[in-house]
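Q: Listed here are the chains, written in short residue letters.
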Amino acid sequence: MSSAISVRHLTKDFRIGIRGLKLRAVDDLSLEIPRGQVYGLLGPNGCGKSTTLKIVLGLVSATAGEISILGQPFATSSARRRTGFLPEAPYFHKFLTGRELVRYCAQLSGVPADSVGPAVEDALGLAAMTEAADRPIGTYSKGMLQRIGFAQAVVHDPELVILDEPTAGVDPVGSAAIGRMIHAMRDKGKTIVLCSHLLGQVEQVCDRVAIMDRGKLVLEGAVEDVLARRDRHVMTIEAMTPAARVAAEAALEAHGAKVTAVTHPRRSLEDLFRELVTGSRDA
Amino acid sequence: MKPSLQRILWISKVTFLEAVRQRFFAFLLVLSAAMVLSSVSFRVFDFGHGELKFIADFGFGGMFFFGSVLAVVMTAQLFFSEMDNKTALTLLAKPLSRAEFLLGKFCGAWAVLAVFVVVLASLLGLVLWAREIELIALAEQSGKIPATFSAGGLAEFVLLQWLRLGVVTAIVLAISALARTFLFAVVVGSLAVVAGQLQWIAQDAVLKPTDSLLYEGFLWVSCRLIPNLQQFNIGDALVLGSAAVAPGAVAEVVLSGLFYVVAYLFLGSLIFRRREI
Numbered sequence: 000m001s002s003a004i005s006v007r008h009l010t011k012d013f014r015i016g017i018r019g020l021k022l023r024a025v026d027d028l029s030l031e032i033p034r035g036q037v038y039g040l041l042g043p044n045g046c047g048k049s050t051t052l053k054i055v056l057g058l059v060s061a062t063a064g065e066i067s068i069l070g071q072p073f074a075t076s077s078a079r080r081r082t083g084f085l086p087e088a089p090y091f092h093k094f095l096t097g098r099e100l101v102r103y104c105a106q107l108s109g110v111p112a113d114s115v116g117p118a119v120e121d122a123l124g125l126a127a128m129t130e131a132a133d134r135p136i137g138t139y140s141k142g143m144l145q146r147i148g149f150a151q152a153v154v155h156d157p158e159l160v161i162l163d164e165p166t167a168g169v170d171p172v173g174s175a176a177i178g179r180m181i182h183a184m185r186d187k188g189k190t191i192v193l194c195s196h197l198l199g200q201v202e203q204v205c206d207r208v209a210i211m212d213r214g215k216l217v218l219e220g221a222v223e224d225v226l227a228r229r230d231r232h233v234m235t236i237e238a239m240t241p242a243a244r245v246a247a248e249a250a251l252e253a254h255g256a257k258v259t260a261v262t263h264p265r266r267s268l269e270d271l272f273r274e275l276v277t278g279s280r281d282a
Numbered sequence: 000m001k002p003s004l005q006r007i008l009w010i011s012k013v014t015f016l017e018a019v020r021q022r023f024f025a026f027l028l029v030l031s032a033a034m035v036l037s038s039v040s041f042r043v044f045d046f047g048h049g050e051l052k053f054i055a056d057f058g059f060g061g062m063f064f065f066g067s068v069l070a071v072v073m074t075a076q077l078f079f080s081e082m083d084n085k086t087a088l089t090l091l092a093k094p095l096s097r098a099e100f101l102l103g104k105f106c107g108a109w110a111v112l113a114v115f116v117v118v119l120a121s122l123l124g125l126v127l128w129a130r131e132i133e134l135i136a137l138a139e140q141s142g143k144i145p146a147t148f149s150a151g152g153l154a155e156f157v158l159l160q161w162l163r164l165g166v167v168t169a170i171v172l173a174i175s176a177l178a179r180t181f182l183f184a185v186v187v188g189s190l191a192v193v194a195g196q197l198q199w200i201a202q203d204a205v206l207k208p209t210d211s212l213l214y215e216g217f218l219w220v221s222c223r224l225i226p227n228l229q230q231f232n233i234g235d236a237l238v239l240g241s242a243a244v245a246p247g248a249v250a251e252v253v254l255s256g257l258f259y260v261v262a263y264l265f266l267g268s269l270i271f272r273r274r275e276i
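Residue numbers (numbering that gives the first Met the number 0), protein chains in the order written: chain A, 0 to 282; chain B, 0 to 276.
The following block holds chain A by itself, in its conformation from the complex (with noise of 0.2 Å):
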């Protein structure tokens, strides 16, 4: 089966000012991202990464190489009918309640009359705004936006889903709930790519990751593999006494390993925070 997108040499330059300045945004970048997996392209503002997406959707054009969306050689009409997109910072038109909106774009991404109501609530539980879909968007807070966006990328029950920045500017808890999103829909088989700056939700929810840095791919592969160093291990001790400590220092070092920290295992903030205000949510 071919990947879900395959990027070969792509190259996007932009023309900037009246002399046409040349920026190179994306440069000779060529990425595999196989389907079913949960992908993360990370990269630092102004990589690229945003560039490169919106070439995959057909929103920009490329200025060399070349692109491959579910097997289609560009984002046609019927590949677009595949794949769910929900750009960074969304804005929708704020007079629209959720489920209008969400209604709205299953009918523009093709679904049939009988089944728009159903893909509908099915978005809007998928992305938990069911309480909310009555409410006009213009009420919403930042969190409830981007998980009403969510819901209309996903409303046509699409094979590959595209999310440029889905938790930014949201709070942990929001963070976690479209974590779960995006873990629902892998388990659904569904493949999704994911283009973040926030490297800890990264690693929590993606399966490979891509890092780009100005333009150029810099780094890719599994989350494990790359993360991973083979020459150095993790043991968590309880109730270590300190004789405890010397005498198993003393027994790693006969074998000839050495022990280089020994530390207290820390909970992240976010865990934390997390753990103290859970069930807090901002619907």
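Be a bit skeptical, because a hint or two may be false.
What the hints assert, rightly or not - DMTMM-like mimics (lysine to aspartate or glutamate), calculated; alpha carbons at most 25 Å apart, straight line: (1) B:Lys1 - A:Glu99; (2) A:Lys187 - A:Asp230; (3) B:Lys1 - A:Asp156; (4) B:Lys85 - B:Asp210.
The hints are simulated quantities; they were obtained by calculation from the structure and are not laboratory data. It should be emphasised that the depicted structure is a prediction, and the values quoted were computed from it without experimental measurement.
Given the coordinates of chain A, work out where chain B should sit on it, guided by the hints.
A: For chain B alone, coordinates are given in the frame of chain A:
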């Protein structure tokens, strides 16, 4: 219904809802309505013309001026709100072609202009009808022939004005597809309306003999590229019967208007296809 038509319909529906919620639309509608209604108070300044003509001219003027402002500013605003707020990103990532998006915007804006024109024409019709009854009573007392107006002619005129605003909307959308900023689209769109009002000058000049082929070519292109917006202004003849309207003249104007709507929407779609969102 074909999926493509359905998508255009949904885009136009949301565009219409967005436009009628704008204060700008409400402001211009109230201002124009006030102008039509106030025409009764100003009829003493009719400069020797008939009272009904004076009232009708007030209404036609409001419809033309405020309708043009609405068509230019509102259309550009509806287009650039989608671009600047990035809602177009969400929509165009769906199986929606750019031509469908542009057509949806056009239909939504044109529907709002239909509301504008019909409300103003209804008010104008009411004012003309009320004054006509008074003038008929006065004429019977004095034994003169009373001034009258044609409701059917007013309906025809409303259709022509709506079509004229449709041409302006299509031109502004084509300009917006090319423009980078809202201000540019509004300024160039306004200039296009002025050029359309003055296009008859180029038509007159074409008829005069000239030695310069370049000048002749320029006039020929101008006459075809810029629609003659004056051809829609036959309100006096249609509503008050001030002049005879040649048979088939209205149909000819309608066909010409529809041609420019289609041509400018096609041009706009071609330009918009290449635009980076």
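Q: If a hint holds in the structure, say so; if it doesn't, say that too.
A: Going down the list of hints, with the structure as the test:
no., hint, result
1, B:Lys1 - A:Glu99, "holds, 22 Å"
2, A:Lys187 - A:Asp230, "violated, 36 Å"
3, B:Lys1 - A:Asp156, "holds, 22 Å"
4, B:Lys85 - B:Asp210, "violated, 52 Å"
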